[in-house]
Amino acid sequence: MKNKSLVSINDFSRDEMIQILDIAEDFERQPHQNLLQGRVIASLFFEPSTRTRLSFESAIHQLGGTVIGFSSTAGTSVQKGESLKDTITMVASYSDLIVMRNPIDGSARYASEVSKVPIINAGDGANQHPTQCMLDLYSIRKTQGTLENLEVTFVGDLKYGRTVHSLVTALSKFNTKFNLVSPVELKLPSAYKRYIKEAKLEYNQYTELNEVIPQSDIIYMTRVQRERFPDPIEYEKVKNSYLLKNSMLEKAKQNCRILHPLPRVNEISTDVDDNPMAYYFQQAQNGVYVRQALIAAILGLK
Amino acid sequence: MEKRKELIVSALKNGTVIDHIPADKVFQVIKILDVENSKNQIYFGINLESKKYGSKGIVKISDKFFEDEEINKIALVAPTATLIEIEDFEVINKTNVKTPKSVEKIVKCFNPNCVTNKEEVPTRFKVLKEDDGSIKLACRYCEKNTSQDNMIFF
Ligand SMILES: [Zn+2]
Chain W
25 MKNKSLVSIN
35 DFSRDEMIQI
45 LDIAEDFERQ
55 PHQNLLQGRV
65 IASLFFEPST
75 RTRLSFESAI
85 HQLGGTVIGF
95 SSTAGTSVQK
105 GESLKDTITM
115 VASYSDLIVM
125 RNPIDGSARY
135 ASEVSKVPII
145 NAGDGANQHP
155 TQCMLDLYSI
165 RKTQGTLENL
175 EVTFVGDLKY
185 GRTVHSLVTA
195 LSKFNTKFNL
205 VSPVELKLPS
215 AYKRYIKEAK
225 LEYNQYTELN
235 EVIPQSDIIY
245 MTRVQRERFP
255 DPIEYEKVKN
265 SYLLKNSMLE
275 KAKQNCRILH
285 PLPRVNEIST
295 DVDDNPMAYY
305 FQQAQNGVYV
315 RQALIAAILG
325 LK
Chain F
47 MEKRKELIVS
57 ALKNGTVIDH
67 IPADKVFQVI
77 KILDVENSKN
87 QIYFGINLES
97 KKYGSKGIVK
107 ISDKFFEDEE
117 INKIALVAPT
127 ATLIEIEDFE
137 VINKTNVKTP
147 KSVEKIVKCF
157 NPNCVTNKEE
167 VPTRFKVLKE
177 DDGSIKLACR
187 YCEKNTSQDN
197 MIFF
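Chains as they are written, first to last, in my numbering: chain W, 25 to 326; chain F, 47 to 200.
Incorrect hints may appear among the rest.
[Stated by the list, open to error] Simulated coverage check for chain W against chain F, where a stretch passes if three residues somewhere in it have a Cβ under 8 Å from a Cβ of chain F:
| hint | stretch |
| --- | --- |
| 1 | 73-82 |
| 2 | 150-160 |
| 3 | 309-317 |
[To be verified] Cross-link-like lysine to any residue pairs, in silico, SDA-like; alpha carbons within 25 Å at most:
| hint | chain 1 | residue 1 | chain 2 | residue 2 |
| --- | --- | --- | --- | --- |
| 4 | W | 109 | F | 194 |
| 5 | W | 140 | F | 156 |
| 6 | F | 164 | W | 34 |
No lab work stands behind these hints: they were computed from the structure. Yeah, the Cβ is synthetic: ideal placement off N, Cα and C, and Gly gets one too.
Isolated chain W, as found in the complex (with noise of 0.2 Å):
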């Protein structure tokens, strides 16, 4: 993995992911380890994404690295009209890695072309956004013992949520059973489908959240979004039918675990917050040991 750029989920073999959760858990036991102590890694945001950017420079600063680049885009030589091409080759010359969040689909792979230095990329539009998939497989993970053999829920935006379609990649090399819960307008696309039924694994679409309650390990809540919706009316008639209520978990299995990739807007009531079975705010601190063992790993300090 050293000095392999982490552009796309798709990158990482299954046992490559294992390796990287297994990092994962070594920092969260021992967060503050001197690895980075002289490197410099640039954490470049053509858009602003307060909460994956503080994941990545608290994960850099634990390790005791030094973080140079800039939050937006605002003031620098790209508004200018610089290339992605000049800004990469330009900042590689200055770091030892590059983490990078930009609003163009695919261009995390392109920077990885150009970069003489390893890229992560920190989400590129609606592609890929990998880190955020490792954490939900090391939530998982942590909260089930395995990845293997689970029922893995997903509920809401399945068409455009790109966390769901990299975690349905990924969780379709751990032999999981999927139930895939949204509106008829919503669904997911036909290519992961594909990739489930590739693996030869089962799933099922459901329009309805409460009867799938009872048999899930996971269950993973997304965001629906009033403008993907054509007709405002549409938004109005499914919005509660996704709507996750305490009093809904009462069948929920004991073991049975909420995942929400955050910020949420109305998806899930306040009041399974202090239920056990919600783990979505622990889940978004699982970030930080994830993106230390991706960095750790990627500059062939683990």
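Fit chain F with the ligand to the known structure of chain W by using the hints.
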């Protein structure tokens, strides 16, 4: 008989004949092969009669032989095409085009937010073959698939 039919569009001494091109794809084939700016003589015919396809097109390029990789690009627009290589007026080789494994530079990615449409980045696709025989191009960058209906050639 067969030989006389091919003579409709002037005989070739040496070179490549691409036959059974859908009539409306002849110009695209010439463009994809990037021969329009070469010094080779090019003959073409459009709306020729074909027993098999009703109407067809044909392209003949003199003194030019293609690598498989080069010629197979035309499978994107002319999957039914036949290639005939000619030396000294004799047919020395006759094959059908095969779907290429990858395609570079000749097709646009249909995703408007793809980096290949935003920066000066040449397109690169992996060719996917669907169960129904149709072709999709998987973009190396944005990972979206461009279907045959959405293919725009540079
Ligand atoms: Zn693309």
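Taking the hints in turn, this is what the structure says about them:
Evaluation of the coverage hint for the stretch 73-82 of chain W: breached, as 0 residues show C-beta separations to chain F shorter than 8 Å, against a requirement of three. Proximity of the stretch 150-160 of chain W to chain F, defined as three or more residues with a beta carbon under 8 Å from a beta carbon of that chain, is established by the 3 residues found. Coverage of a stretch by a chain is defined here by at least three residues with a beta carbon nearer than 8 Å to that chain's beta carbons; for the stretch 309-317 of chain W and chain F the count is 0, and the condition is violated. A threshold of 25 Å between alpha carbons decides the hint, and for residue 109 of chain W with residue 194 of chain F the separation of about 30 Å lies outside it, so the pair is violated.
The suggested pairing of residue 140 of chain W with residue 156 of chain F is violated, with an alpha-carbon distance near 29 Å, which exceeds 25 Å. Using a Cα cut-off of 25 Å, the hinted pair residue 164 of chain F and residue 34 of chain W holds, with the two alpha carbons roughly 24 Å apart.
Hint violations for this structure: numbers 1, 3, 4, 5, all remaining hints satisfied.
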